[in-house]
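Novice: All chains, full assembly: derive it from the sequences and hints.
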Amino acid sequence: MIHKIAVLGASGYTGAELVRLIATHPTMQIAALSADRKAGMEMSEVFPFLRHLSLPRLQKIEEIDFSGIDLAFCALPHATSQEVIAALPSGLRIVDLSADFRLRDPAAYQKWYGKPHAAPALQAEAVYGLTEFYRDEIRSARLVAGTGCNAATGQYAIRPLIEAGVIDLDQIVIDLKAGVSGAGRSLKENLLHAELSEGTHAYSPGGTHRHLGEFDQEFSRAAGRPVLVQFTPHLLPMNRGILATVYVKGEARAVHRALADRYADETFLEVLPFGALPSTRDVRGSNFVHIGVVGDRIPGRAVVVATLDNLAKGSSGQAIQNANLMLGAEETAGLMLAPVFP
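With full-length UniProt numbering as the guide, the letters of the sequence shown map in order to residues 1 to 342.
To be clear, the hints were calculated from the coordinates, so they are not data collected in a lab. Please note: incorrect hints may appear among the correct ones.
[Unchecked claim] Taking lysine-lysine pairs in the BS3-like style, the calculated list, with each CA pair at most 30 angstroms apart, reads:
1. Lys38 x Lys4
2. Lys4 x Lys60
3. Lys177 x Lys249
4. Lys60 x Lys38
5. Lys177 x Lys111
6. Lys177 x Lys115
Quantities reported herein were computed from a predicted structural model and do not represent experimental measurements.
Specialist: Shown next as structure tokens:
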């Protein structure tokens, strides 16, 4: 069965990544693409790397006929998705890639995003889209909220350790490095080549990064009590990729075993042999996550390193994986592309 797909916000990085991945999907067909400022343009004009594909012209969301659409990916900016999705047909299945529905508590949303939620009923309906941990809920969901790319990386490294009870929940430090595409495609002075290249810097330090809202929500839920982590992201002058180095108090072999056991049957999660560590280049352009564990020189402490591609498994690839479940397709459909190397 062929499913008709709409991509809203197709002129951004995650929109383009959705189109790239759907192009080889066996059961998805792109029926509509939307953009705001670039409405009326061909996708090949916006992204020449997609010129080999036959795609619908970009149009305004209000111009799309949703009557024949089976599922819509919403790749719009934060705070825009909630109002757009609230106005879409009530029977339309939706995977949202923004932050608008990730947090279940309206008060938490207002705390981290600085404004009241515009669609609290939908916020309560949305299922959190970390596929390997919410697979059953996602299958029956109408609205799935994609995770933050940083939040996904940290959770893949830590959630199984919380569930297995092998670490001290009050001593978790996440040091994360992210590529520049995670900041989106809008023009920003600090992302110009001359401003960004040949250096790196920490940002949102001291507990101010918005993805901490997801860590608080998900880790506390998994533990059954409040869990607060230390988290500092850094921006690297590379296009794609996230690498999180996580410091935990726990026996290193037990930490490695908990991760290996939890992900033993997960296609996209690869736990390396003990002592081996991954690189962002190992997963570039793919839906795979690689995780490594080493012991620390301080007894009873371990270092977990997790890496994924922020545009793929951290966003658009995750979105397609969730859509596969929602549409009854093979979960891995369209997502088995090998990483790009070099």
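Novice: Output the indices of the hints that this structure fails to meet, ascending.
Specialist: none
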